[in-house]
Amino acid sequence: MDQVRDGAATMKRALALTCVVLAVEVAGGLLSHSLALLADAGHVLTDVFALALAWFAVAQAKRPADQRRSYGYQRVSILAALVNAVTLIGIVIVIAIEAVQRLANPQPVHGGIVIVTALIGIAINAFVILGLRADTRNLNMRAALVHVVGDLGASAGVVVAGAVILLTGWLYIDPLLSLAIAVLIAFGAWRIVRETVNLLLEGTPREIDLAAVASEITGTELITSMHDLHVWALSSDEMALSVHVVVEDCPLGDAEHVVRDLENRLCGRFAIGHTTIQIESCHPCGEIHHGAGEHNHPHDHVMVVSSEARPPAEGSAAPQR
1 MDQVRDGAAT MKRALALTCV VLAVEVAGGL LSHSLALLAD AGHVLTDVFA LALAWFAVAQ
61 AKRPADQRRS YGYQRVSILA ALVNAVTLIG IVIVIAIEAV QRLANPQPVH GGIVIVTALI
121 GIAINAFVIL GLRADTRNLN MRAALVHVVG DLGASAGVVV AGAVILLTGW LYIDPLLSLA
181 IAVLIAFGAW RIVRETVNLL LEGTPREIDL AAVASEITGT ELITSMHDLH VWALSSDEMA
241 LSVHVVVEDC PLGDAEHVVR DLENRLCGRF AIGHTTIQIE SCHPCGEIHH GAGEHNHPHD
301 HVMVVSSEAR PPAEGSAAPQ R
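Note that the working numbering numbers the sequence shown so that position 181 is 181, with each residue one more than the last.
Fair warning: there could be bad hints in the mix.
[Claimed, not checked] Taking CB as the label site, the calculated pair distances span: (1) 66 / 251: 34 to 44 Å; (2) 267 / 86: 29 to 39 Å; (3) 130 / 107: 35 to 45 Å; (4) 169 / 69: 25 to 35 Å; (5) 224 / 83: 44 to 54 Å; (6) 160 / 201: 34 to 44 Å; (7) 93 / 209: 52 to 62 Å; (8) 66 / 130: 29 to 39 Å; (9) 86 / 207: 19 to 29 Å; (10) 123 / 170: 18 to 28 Å; (11) 89 / 23: 17 to 27 Å; (12) 19 / 156: 19 to 29 Å; (13) 191 / 250: 43 to 53 Å.
Hints in this document: simulated from the structure, not taken from any laboratory. Beta carbons are placed, not taken as given, at the ideal position from N, Cα and C, and that holds for glycine.
The task is simple: from the sequences and hints, build the whole structure.
So this is what it looks like as structure tokens:
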């Protein structure tokens, strides 16, 4: 719990400082008439979104599941990520239109203000990076670190553009760099959209090799086969698994030990924290035929017995199976 609290505090501080960078670059871009600086502010906005989502995910780790949300609240971040991606695409379109217009009609830019503003952004981002590097074991921390490092590189490019304008007066560098940053933002937005769609479709996380998971399961002692294997993501860093395993005829206690050992290995090797493993022995429900996720239960033939069922009235015929 202390690690979660420290991670949330670090992420919150990084988010606040990145918002400062965003405000400084927007103000500097407006004062200097630099589209490159405003485009870099758009790139910083992607960092704000990323850090906000990461902070939200860390904060949600402290929130227990309840009767309405049995898996917790991590999936709210998926919807937020989708909204963020749409916003970023809008920013890219605005930057691209303005850059094309400035290529046709270059606007005067104050190179000195551009350099000073970008250097302030670099200094703050460097401080944020030092804080995020303290805990790179957390996936959210690593993702946020990548975003901030990318923004530091973009700010360095803005410094170069400001220096070129200040020394040579070549104004075309400003819209050209703006287009390059727009491409960088678009790439980040596309990655968010792709990951979000995969999560919403309950797709197998890209870092999971389903064949390796199946091999880990079937390689377990006493397990003879498996089917109905599913691996999906609850959020960007929370994964779940369900599977049916057929075990040799053995005492129930031994089967339970097999399940516990398998859960530990799946968590340690694949970081799968939520597992549902159904044991089958005498009456396995079938083997897969077309893929790891094939379902073999014909639900229209399954008899459901209600816990409120009453015995048949005296003299009535018993139901036939």
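Right, here's what the structure says about each hint:
no., hint, result
1, 66 / 251: 34 to 44 Å, "36 Å, holds"
2, 267 / 86: 29 to 39 Å, "34 Å, holds"
3, 130 / 107: 35 to 45 Å, "36 Å, holds"
4, 169 / 69: 25 to 35 Å, "59 Å, violated"
5, 224 / 83: 44 to 54 Å, "47 Å, holds"
6, 160 / 201: 34 to 44 Å, "42 Å, holds"
7, 93 / 209: 52 to 62 Å, "37 Å, violated"
8, 66 / 130: 29 to 39 Å, "37 Å, holds"
9, 86 / 207: 19 to 29 Å, "25 Å, holds"
10, 123 / 170: 18 to 28 Å, "27 Å, holds"
11, 89 / 23: 17 to 27 Å, "23 Å, holds"
12, 19 / 156: 19 to 29 Å, "20 Å, holds"
13, 191 / 250: 43 to 53 Å, "46 Å, holds"
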